[in-house]
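J.: In case you want the letters, here they are:
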Amino acid sequence: MRTAVTIFPGSNCDRDMIIALKKITGKTPIKLWHKETEVPNLDLIVIPGGFSFGDYLRCGALAARSPIIKSIKNHISRGGAVLGVCNGFQILIEAKLLPGSLIKNQKLLFTCKETLLEIQNTLESPFCSGFKVGTTLEIPVAHNEGNFFASKEVIEKLEGEGRIAFKYKQIKNNKNNYNPNGSLNDIAGILSKNGRVLGMMPHPERVINKFQGGIDGLKFLSTSIEQLID
Amino acid sequence: MKVIINISLKNGVLDPEGQAIENSLLNLGFKDFKNIRIGKQIILNIDKINKSEVLEQANNMCETILANTVIENYKIDILEDK
Chain A
15 MRTAVTIFPG SNCDRDMIIA LKKITGKTPI KLWHKETEVP NLDLIVIPGG
65 FSFGDYLRCG ALAARSPIIK SIKNHISRGG AVLGVCNGFQ ILIEAKLLPG
115 SLIKNQKLLF TCKETLLEIQ NTLESPFCSG FKVGTTLEIP VAHNEGNFFA
165 SKEVIEKLEG EGRIAFKYKQ IKNNKNNYNP NGSLNDIAGI LSKNGRVLGM
215 MPHPERVINK FQGGIDGLKF LSTSIEQLID
Chain B
370 MKVIINISLK NGVLDPEGQA IENSLLNLGF KDFKNIRIGK QIILNIDKIN
420 KSEVLEQANN MCETILANTV IENYKIDILE DK
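Respectively, the protein sequence lines represent chains A and B.
Just so we're on the same page, this note's numbering is the position in the first sequence counted from 1, plus 14.
Just so we're on the same page, this note's numbering is the position in the second sequence counted from 1, plus 369.
Bound-form chain A, shown alone (with noise of 0.2 Å):
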């Protein structure tokens, strides 16, 4: 299993990312910095969250014009798996490989806490086929521009190609503000036409260990990772 994490000036979860990886692989990622425009042959690349190139002109705008795009996009038509979270899933959608845009959130506050996810029906992809749909993960988001936002046809495109990964769901006793950011159909992750790219806001490389308060991230990128074994 051949994993690497990217890196671009002002990503501040690539370590912890790293060590996630790690620790499910075995072996350490390989660190693509956003220059490099060779990239060994690898079966999963995640773009970690951060201020990529500090939020300048749109989150992840500057980011996803980087050289190593290229080479993302090459080992996306290969079939390779990517994984963009927070901030990397917004340069994901920048870099036109997810559609959409993440706004700011809706109460204009940087939102940090736990959320539920609930793993939706969707097609054939390593990020969700492991589960069974239904199947909640407490994970935590932290960000600013989370606010998944597109067309109606985008939207009715998504839902009706099983696209949407998982979207948060209502935990027990907080009625009102389950979605963190005023999200369109409280859309939590989307993927690709292939299934093989997902992009999330939630933080999965944050909840790894029982003293981070749970390790429902850890159970997300080991089960994708089996998948992506198999």
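Just to be clear, a hint being listed does not mean it is correct.
[Said to hold, decoys possible] Below, simulated DMTMM-like cross-link-like pairs (lysine to aspartate or glutamate); rule was C-alpha separation at most 25 Å, straight line:
no.	chain 1	residue 1	chain 2	residue 2
1	B	Lys444	A	Asp69
2	B	Lys379	A	Glu170
3	A	Lys49	B	Glu432
4	A	Lys84	B	Glu386
5	B	Lys371	B	Asp384
6	B	Lys379	A	Asp200
7	A	Lys166	B	Glu386
8	A	Lys171	B	Glu432
9	A	Lys110	B	Asp416
10	B	Lys379	A	Glu173
11	B	Lys379	A	Glu167
12	A	Lys110	B	Glu449
13	A	Lys166	B	Asp384
Please keep in mind that the hints were generated in silico from the structure rather than gathered at the bench.
Based on these hints, arrange chain B on the given structure of chain A.
T.: Frame of chain A, contents of chain B only:
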């Protein structure tokens, strides 16, 4: 030539920043306004003699990176050198 690019959110795209400013204006007693929207302006110089070439290049910049056409409109104004 000086190129002034105005980028604004498309109609129907939520503008929470605009809404927050609207509330502040209302709180300050400004009542006589509506349809507040936040945008941004990018100013740059392109050294070409032909205005249509400048426009084409600026257009290309907007489509490639400066605007996110999923949620934003852009308008290009060119000030010709005197």
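J.: Work down the list of hints and note, for each, if the structure agrees.
T.: Hint-by-hint comparison with the structure:
1. Note on lysine 444 of chain B and aspartate 69 of chain A: the hinted pairing holds, with a Cα-Cα distance of about 23 Å set against a maximum of 25 Å.
2. For the given pair, lysine 379 of chain B sits about 20 Å from glutamate 170 of chain A by alpha-carbon distance, which is consistent with the 25 Å threshold.
3. For the suggested pair lysine 49 of chain A and glutamate 432 of chain B, the alpha carbons sit about 23 Å apart, so the restraint of at most 25 Å is met.
4. The suggested pairing of lysine 84 of chain A with glutamate 386 of chain B is violated, with an alpha-carbon distance near 34 Å, which exceeds 25 Å.
5. Restraint check: the Cα-Cα separation between lysine 371 of chain B and aspartate 384 of chain B comes to about 29 Å, which exceeds 25 Å; the hinted pair is violated.
6. For the hint linking lysine 379 of chain B to aspartate 200 of chain A, the alpha-carbon distance of about 22 Å falls within 25 Å, and the restraint holds.
7. Distance hint between lysine 166 of chain A and glutamate 386 of chain B is fulfilled; the C-alpha atoms sit about 22 Å from each other, no more than 25 Å.
8. The hinted pair formed by lysine 171 of chain A and glutamate 432 of chain B meets the criterion: a straight-line CA distance of about 24 Å does not exceed 25 Å.
9. Proximity of lysine 110 of chain A to aspartate 416 of chain B is assessed by CA-CA distance (about 31 Å); at most 25 Å being required, the pair is judged violated.
10. Our distance criterion of 25 Å between C-alpha atoms is met by lysine 379 of chain B and glutamate 173 of chain A, whose separation comes to about 23 Å.
11. Of the supplied pair hints, the one linking lysine 379 of chain B and glutamate 167 of chain A holds, its CA atoms being roughly 16 Å apart against a limit of 25 Å.
12. With a CA separation close to 34 Å, the supplied pair lysine 110 of chain A and glutamate 449 of chain B exceeds the 25 Å bound.
13. Simply put, lysine 166 of chain A and aspartate 384 of chain B have alpha-carbon atoms about 17 Å apart, close enough for the 25 Å limit, and the pair holds.
This entry does not satisfy hints 4, 5, 9, 12, going by the numbered hints stated previously.
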